[in-house]
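A.B. asks: Please model the entire structure based on the sequences and the hints provided.
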Amino acid sequence: MAAVQDGPMELDAEKETKPEILSDGTSNLSGNTASGTLSSSPLTAAPAGGAPKMEDQQTLIAVLQFLKRNKLTDSVEILRREAGLGEDQEDSLATDGSGGGKGDGDGGDAHSLLSRVSITSAVAPQNMPVKRADDQPDVSVVLSAYSQQGDPSLYQVYYSGLKNFIESVLDCHRAELSQLFYPLFVHMYLELVYNNHENEAKAFFEKFSGDQECYYQDDLRVLCGLTKKEHLKGNEALLDFRTSRFVLRISRDSYQLLKRHLQERHNNQIWNIIQEHLYIDIFDGMPRSKSQIDSMSGSLAGEARREVNKAKVFYGLLKEPEIEVPLDDEDEEAENEEGKPKKKKTKKDSLGSKSKKQDPNAPQQNRIPLPELKDSDKLDKIMYMKESTKRIRLGPENLPSICFYTFLNAYQGLTAVDFTDDSSLLAGGFADSTVRVWSVTPKKLRKVKSAADLNMIDKESDDVLERIMDEKTASESKILYGHSGPVYGVSFSPDRNYLLSSSEDGTVRLWSLLTFTCLVGYKGHNYPVWDTQFSPFGYYFVSGGHDRVARLWATDHYQPLRIFAGHLADVTCTRFHPNSNYVATGSTDRTVRLWDVLNGNCVRIFTGHKGPVHSLAFSPNGKFLASGSTDGRVLLWDIGHGLMIGELKGHTDTIYALKFSRDGEILASGSMDNTVRLWDSMKAFDEVETDDFTATTGHIHLPDNSQELLLGTYHSKSTPVTHLHFTRRNLLLAAGGYNSQ
Amino acid sequence: MASPKTVPKDAQVMMQILKDMGITEYEPRVINQMLEFTYRYVTTIIEDAKIYSTHAKKSNVDADDIKLAIQCRVDQSFISPPPRDFLLDIARQKNQTPLPLIKPYTGPRLPPDRYCLTAPNYRLKSLQKKVSSSAGRITVPRLSVGAVSSRPSTPTLGTPSVQTVGTKVGTPVSLTGQRFTVQIPSSQAASVKSATPTTPTVQNVLINPSLIGSKNILITTNMVSQNSSGDSTSLKRKHEDEDDYDAL
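Note that the protein sequences, when read in sequence, are chains A and B. Per full-length UniProt numbering, the first sequence starts with residue 1, numbered consecutively. Per full-length UniProt numbering, the second sequence starts with residue 1, numbered consecutively.
FYI, nobody ran anything at the bench for these hints, they're computed from the structure. Misleading hints may appear alongside valid ones.
[Stated by the list, open to error] Covered stretches of chain A, going by a simulated chain B footprint (3 or more residues, C-beta under 8 Å):
1) 240-250
2) 364-377
3) 565-577
Where is the CB? At the ideal position from N, CA and C, for every residue including glycine.
C.D. replies: Written out as structure tokens, the structure is:
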């Protein structure tokens, strides 16, 4: 970064480091960080004239000019005395200097000085016009030369040199070292652009961009358009890329090879970039193969460091509060005193675990505060249990039926869909900023009566909940107005009283489904909010948007409770874990992160997608996560170990919908290619459980068994699938907007 | 798509740019939108640069003025999300406070009333009635387009529709909002343009829905005077364009 920007600070820095300016050797120059302060190398005694190298001369002169410009005459004297510079030498460089009143510097001297500079330090002629042309930032040019570490035209030489080296190593190391190409390429290119060497940057790009991996093509296209420093300023993602460190995982042997090669060639250019911008996570063991590396790479920041994925995650489910719920299947306790008809359930699938032992992988009940169960919630739970007894067990032999809800006349404006858990209501968010709610069952939607009418009803009657509804307002669907931008996410609350919608206008709105009016607008993201979801227990909800963070809110706080920051690009998809203690976010930076609600930490980073991640689904047992992206692949992750355990290939377009069946045996995926595919998740997860080796090293050997796991492909005529939902009885509902093209 | 011979040069350039950026499938109207944006942006920058150069008492506009104009506009119109370290910082602060305990038995859990929208002071009327009555009203501005006498007619256009202001505030149209005031005068036909400078008061202009056919989108623009002067809205302008073209 140019020193000119932090002018006043630089004065002090300059004064202190002035005696240390005379650095020797290029390797020390490389220690300069982006802040542009001069490296504090030991002072080499500088007798008049000969000893200091030409680059140091340049620096000295530039610094002198800077000091002069800021009228620090004493410092100028001292420096000049110590460095042994003559008056004319420094003035000769101030060709069109602002303060260069002593313009009697001989052109001859300047020329000779400059020519000496050009020969000895091998600074290419291109540098000269840059320096002479703009005197105003001449200090910064010289200083930034440090951050660019030498000559722009040599970058190509360095890169080809590295390329040749890597091509000559043993096969087993080649794949690993090839990971270096992309980050080095981008960083070198960005350095050239940053230091205003536009032509060299373009030439560099043209020569080497074709060598990069195919999955980086989109990024390269963006880079291709960035040729000036000003272009960099607005591009947050690239600035983040420049400051954050790209992570590479290389085995120790390969790393030693690389280190030896770079250091013996005195070619510290690349070494410096590696040290500054890359983080090499070394592991002991066999070098990884190309396919292994390919499966994990693709994200904007490289892979995840191993220790990032080592935090303990409580992926177990919370215990169902069956003890407090009366009239349940606690048949040894006589708690059926509520007067409701007794139904002794012997089926105990999800609710039934009688063991009072805490699952070691499950969080404590009070780890995060959760709302208590109201009576209506308890009734819901009873209904849920009744339904679950009638649930169809799915499997490879027993595929679900799929019912597709097609939105007609949406003119490609359908942007979000959600079903309630009991599949009684359907909500659609549209690009015209409306949210529409439909009743899927024959029962119509009704609004609550007005306050005056409510006064007159009999509050003690049994069917008071029906009486509060106003029959005159019964209709099949209701339209909710309020947003001022397309609605990109909708989510029903588990108790069916509220609906959330998130929109491009930066707000998340809470709507009441009793009055069908808007209750609250949560403002926090000031940028489009791409997704929102209620927690499985209600009360909390999470939203993620263009500002690269996901926020956790509670319905009764107007500000977010937690901010999950860390992604390098927009957060496109946010999902709660079934135990509501963790939030998974998928992002345009092609990673999936898992965050802890309690303290906002990122506990898992999953890389491997080659395109923005648009859909996420947790398995019902909480152990696994599935993610789908624009590259048409569904990746399966083991949350506990932090590993990728499966890859499902088959879709040809972005996957926007992912859902596990109620018992987790089938994974359904819906995509823009107008198909719904069913995958055998039970089989995919079984195959992995046994492997301990992968857990320790983090290496994965993914079997290419997508074909075996695919249970069925179901095409719609021309309707992309926006949402999938398994009813409580394991019927699959799909929703999408008819696309006539 | 029109044959290359009949396509104007800057449209060809725009098609090439889209191709270079990897965008291969797009509706033909996208080119118009992009060109509109380009014209508007470049015009604004050059006008700003002219102001800066006259302020610096230069005879010509040079590169520095343009650079300054771009820089100032970037901060105003194209706001980008906060930088990562800032986000990490505020996240750290926010995440330190423990999660608040949930009070039991409180009924609907909502923020304090002043943060809620539970007390609106308006009511939406149904859409059907408005369409029929506005269809009759629409012909008024079109008749007065050519005539200089557009002035006396505009107040009459204004008054009958004033009552819709109250009800239309929360209307179904995503396209309303202050941003529209900037768009309509410049890009629409002269009919509306003549109206703008003359009316300092609030005025609703209903664009003929019959042009849109059965879609029945009513686009209302609140031409409050401070907004018509232009780009002072804090909303991102780059999103304004897409709304225009549904009316064409």
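A.B. asks: Now tell me, hint by hint, if it's right for this structure.
C.D. replies: Hints, one by one, checked against the model:
1. Residue count for the segment 240-250 of chain A with a Cβ under 8 Å from a Cβ of chain B: 3. That meets the three needed, and the coverage hint holds.
2. Closer than 8 Å: that is the beta-carbon criterion, and the segment 364-377 of chain A has 5 residues meeting it against chain B, so the requirement of 3 holds.
3. Counting residues of the segment 565-577 of chain A whose CB falls under 8 Å from any CB of chain B gives 3; the rule of at least 3 is met.
Going through the hint list in order, the structure satisfies each hint without exception.
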